[in-house]
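K.L.:
In order, the protein sequences belong to chains A and B.
When we follow the working numbering, the leftmost residue of the first sequence carries the number 1, and every step to the right adds one.
When we follow the working numbering, the leftmost residue of the second sequence carries the number 1001, and every step to the right adds one.
Since the hints were derived computationally from the structure, they do not count as laboratory data.
Among the clues, some could well be false.
Unchecked claim - Okay, the calculated beta carbon distance ranges per label pair: (1) B/Glu1043 <-> A/Lys15: 26 to 34 angstroms; (2) B/Asp1077 <-> A/Leu130: 36 to 44 angstroms; (3) A/Lys30 <-> B/Ile1014: 37 to 45 angstroms; (4) B/Glu1043 <-> A/Asp72: 39 to 47 angstroms; (5) B/Phe1020 <-> A/Arg135: 18 to 26 angstroms; (6) B/Tyr1099 <-> A/Leu130: 39 to 47 angstroms; (7) A/Asp122 <-> B/Arg1072: 17 to 25 angstroms; (8) B/Glu1019 <-> A/Asp38: 25 to 33 angstroms.
Backbone N, C-alpha and C fix where the C-beta goes; we use that ideal spot for every residue, glycine too.
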Amino acid sequence: MEDVRKIKVKYMVEKDDFMRAGQASSNIKKILKKLGLDSQILRRVAIATYEAEMNIIIHSEGGFIELEIHPDKIRINVEDNGPGIKDIDLAMKAGYSTAPNKIRELGFGAGMGLPNIKRCCDEFNIKSSLGEYTRLELLIYNK
Amino acid sequence: MTLREIQELLDAEILCGWEFLDKKIESVFASDLMSDVLAFANEKTLLLTGLVNAHTIRTAEMLDISAIVFVRGKKPDEETLELAKENKMVIMSTKHIMYVSSGILYTNNLKGASLPKK
Ligand SMILES: Nc1ncnc2c1ncn2[C@@H]1O[C@H](COP(=O)(O)OP(=O)(O)OP(=O)(O)O)[C@@H](O)[C@H]1O
Ligand SMILES: [Mg+2]
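If we strip away everything but chain A, and leave its shape as in the complex, we get (with noise of 0.2 angstroms):
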């Protein structure tokens, strides 16, 4: 049986959206807020969703954001329509960056994403296959 305590949103994010940027990882810290979430948590969630959202409007052709709220945890799943991460291990790392130049003027671009993510995660998990998808899937225990 379904959970009922168990919340579900789900977020479009298009491919350079720059305008809306941030939009859904706003929403999704501020639902996570009226819930009362510890402050802590909630940045770490914040976090991780705001730079899951800027790369799929970065570096792909689009996807979506999922949150879902259970009672002990929030889980994230990002998903993406490609272009996919050739080199997982390389993306994972801090500096490593294909971001061209118009996006380094908007601040983004270091390469400090995902391992930015994985740090803000108690479990991050990345899957990708070339020309079909990138997915995360993260959770964040609400101890």
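With chain A held as given, fit chain B with the ligands onto it using these hints.
P.N.:
Here is chain B with the ligands on its own, set in the frame of chain A:
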């Protein structure tokens, strides 16, 4: 140190958030790179930056940073300011360049933001 004292030290113009000037700041993070801000800054930190767009505000929002000083006389547009107001932030603009602004705050005993433990 309060935001009011910081405003005086930097001779800064307040662009929004007058009602929050009594808030206390414990440390400062100076950067134009939001990626670095997201990786290293914590709350109760003042953000000193030359990057004046909506991403700066969004980044601050995610981190619960409630005060931003734009250096070198830069000012955000109306839309960006609106976003800051919604988030109850104090936004200031100082004529000083980043280096001088940092120096002024540092010599007045405001420490750099501590880096998170790995
Ligand atoms: N969703 C994605 N789809 C395709 N490639 C990606 C995706 N996310 C990350 N990458 C690749 O991995 C690299 C590293 O990502 P990471 O988020 O760590 O840094 P960045 O986005 O380049 O810069 P920053 O996050 O500091 O703004 C990116 O430059 C890009 O090449
Ligand atoms: Mg990134």
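K.L.:
If a hint holds in the structure, say so; if it does not, say that too.
P.N.:
Here is how each hint holds up against the structure:
no., hint, verdict
1, B/Glu1043 <-> A/Lys15: 26 to 34 angstroms, "holds, 31 angstroms"
2, B/Asp1077 <-> A/Leu130: 36 to 44 angstroms, "holds, 39 angstroms"
3, A/Lys30 <-> B/Ile1014: 37 to 45 angstroms, "violated, 26 angstroms"
4, B/Glu1043 <-> A/Asp72: 39 to 47 angstroms, "violated, 25 angstroms"
5, B/Phe1020 <-> A/Arg135: 18 to 26 angstroms, "violated, 40 angstroms"
6, B/Tyr1099 <-> A/Leu130: 39 to 47 angstroms, "holds, 44 angstroms"
7, A/Asp122 <-> B/Arg1072: 17 to 25 angstroms, "violated, 41 angstroms"
8, B/Glu1019 <-> A/Asp38: 25 to 33 angstroms, "holds, 27 angstroms"
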